[in-house]
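**Student:** If you want the building blocks of each chain, they are given just below.
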Amino acid sequence: MNPSPPPPRDPDLLEEALGLGRGGSPPWRLAFVEDCVETSGAFVLHNFLKRTLSTEGDGTVVFLGLAQPFSHYDRVLRKMGCNLSVQRNKNKLHFIDLLNLEFLGERRLSNEKGENDIEIGFMDLYNRILRSIEAIRSKDYNGGWTTIIIDDLSHLEIAAHGSVKHVLDFLQYCRSLTSEMDCSLVILNHEDIHSSDEALQMLSHLDYISDILIKAETLSTGIAADVHGQMTVIIKDAPGGLIKKLHSFQFKVKENGVEFFYPGSRF
Amino acid sequence: MAESISRSLRDGCLEGEHAPALTIEDSLASPLGSHVFDHFLANLASQIADGTSQARGLVLVALNWSPSFYIDLLRRKGVDASLVDKWVRILDCYSDPLGWKDRIPPLMNVQKPSTRENVSFFRDVRDINKLLSSVLDLGKGFVGQGKTRFAVAVDLVSNLLRHTSLPSVAGLLNNLRSNDQISCIFWLIHSDLHEPRVSTALAYVSTVVASVQPIMQLTDEHRSRRDFLWLEKNSCKAKFYVRLKRRNGRVKLLAEELHMDQVGVKFAAVTSENSFVNKSLLPKVQFNLQLSDQERVDRAKVVLPYEHQGNGEAIQIYDGRRSLSDDQKDPHLVQPSTFSVMTDAQAASGNGEIHYIRDSDDEQPDSDEDPDDDLDV
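Residue numbers (the numbering used here), protein chains in the order written: chain A, 1 to 267; chain B, 1 to 377.
No lab work stands behind these hints, which were simulated from the structure alone.
C-beta: ideal position from N, C-alpha, C; glycine also.
Hints are supplied without guarantee of correctness; some may be wrong.
To be verified - In silico contact screen, one side only, chain B against chain A (beta carbon under 7 Å); selected entries:
1) L28
2) W100
3) D102
4) I104
5) L107
6) M108
7) F142
8) R162
Stated by the list, open to error - A few chain A residues that face chain B, going by a derived Cβ cut-off under 8 Å, partial list only:
9) H190
10) E191
11) I193
12) P263
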């Protein structure tokens, strides 16, 4: 007699805030995760990975790994109950390893079309994302949602030798991808490394194109043993548009996952 | 004055004049510029469809949103779909602005969105001259030659400025304005993505500058974008400042308020609600921090315990040690009875009193003598 499948778990506070519910496609296209030195937002990406690749849903992931190798995410997600190697073999996860940051070329002189190696490098990266989506949808594809995760935007800027323009052009193409097919984009960005005027304008650009902002920050009261930080989720009615809803709660990062709770609800 | 802007776009340009040009600018503090742009776009498209505008067609340069977004928008705003196909042309600078998709293999096994006849791809936004000629060709393609005019809308000049210089963009807009077949032109810019000189330069190219600004200004206290009160107040309302440049050179500055509802953006005259908004900035405590009108009047009536009342009258001092019935007159002292009348009047109204008792009978009012002179240090 086959064991009955486990009952679907209730969505946590972050999933409720993002409108993810019990699986299915997200009601947004471009989400930015902001963190800082004191509070890493990497756990949000781990959560997205686990949720999208869970057996409950049929989602797929294209993961651009600029900050950590595949083995790092594999180790972290194993403790959370998700085997990334198996998911990769099942064609549900495509991991694009960009750890060496050399994929964008060195030369910055422009050719007769006004392109330089950085732009050509981003075009190649966009092509790799397209090919991954193509491979995901080539066999055994059952119409699931694809999430493109970028970890992280700061490394993309480094790889582009600080060229904000090229990074924004690349994001423009990724954004057009979310308009043309069933996919969404999740990008991790370190808010506290942007201090110059150009970098602050870049943050404003990102604000204009995102329809969800997830911010992980330290508690205003300081460090606590049971509460690792505060999370704010800003939902807009459209990219760069009006704020429709605000969610604020706290979190504790554990080895096998994250707990989200409202302030004062833990004793 | 949003109505007057719509009328200006509808009426177009006079013979021998450049086309009216509208700049809509906003910022993250009040990101309603896109909605204002959509409002004027839908209005003009309706007027073109009805045949009530000078422009007989509209060319939309889509850099920030996909063409399908605008087609859905116009349909939601009630513009007939067949008339949109007939009189609106969209230059798609959103899907492939740099021509990357031409140089990489297309996606296989993926259903692509169907292309529409009134949408043309543009794949090189860095070439401003090519962009100008594409816009003009699109317009002439569906309004023909001769004296028929068409309107032009650019959904986000900020994106254009990322690819090319300010002089090039200003030159493009100016060339469009001065073209004989352009009836009117309007565009959106996010002012906080550029230096102030960009907004200024575009203002010189425009006949009307409409600026969307927050109802509550961002203060140091609200500096974080996560200040919920500031976000709540500015989430669906904004100030709409319009600077009109008349032909005779006069510049008029007008203001309205706008707010968002389910249908879209709505404009209204400026209200005094902002004073209420400022009052709500006071901390919410269980005691009253403000004075009522009666309390303000009573405070103004209090006689101050100074040597003089600051009103130019003779120095009057109440010496609490003298009895009220004392008739001794002293040129330096007030008649106690006079002051007692004042105190009685104040007592009758139930207000507080201030009693000033002088230190010494010998002390002259406003004496220049320094009391420390008696010290023998």
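**Student:** Hint by hint, say whether it matches the structure.
**Tutor:** Against the structure, the hints come out as follows:
1. L28: 6 Å, holds
2. W100: With Cβ-Cβ at 5 Å, under 7 Å, it holds.
3. D102: This interface hint is violated because 10 Å lies over the 7 Å limit.
4. I104: Status holds, d = 4 Å.
5. L107: This interface hint holds because 5 Å falls under the 7 Å limit.
6. M108: 6 Å, holds
7. F142: 25 Å, violated
8. R162: 6 Å, holds
9. H190: Where the cut-off is 8 Å and the nearest Cβ of chain B is about 16 Å from A/H190, the hint is violated.
10. E191: 10 Å, violated
11. I193: 17 Å, violated
12. P263: Result: violated, 14 Å to nearest chain B Cβ.
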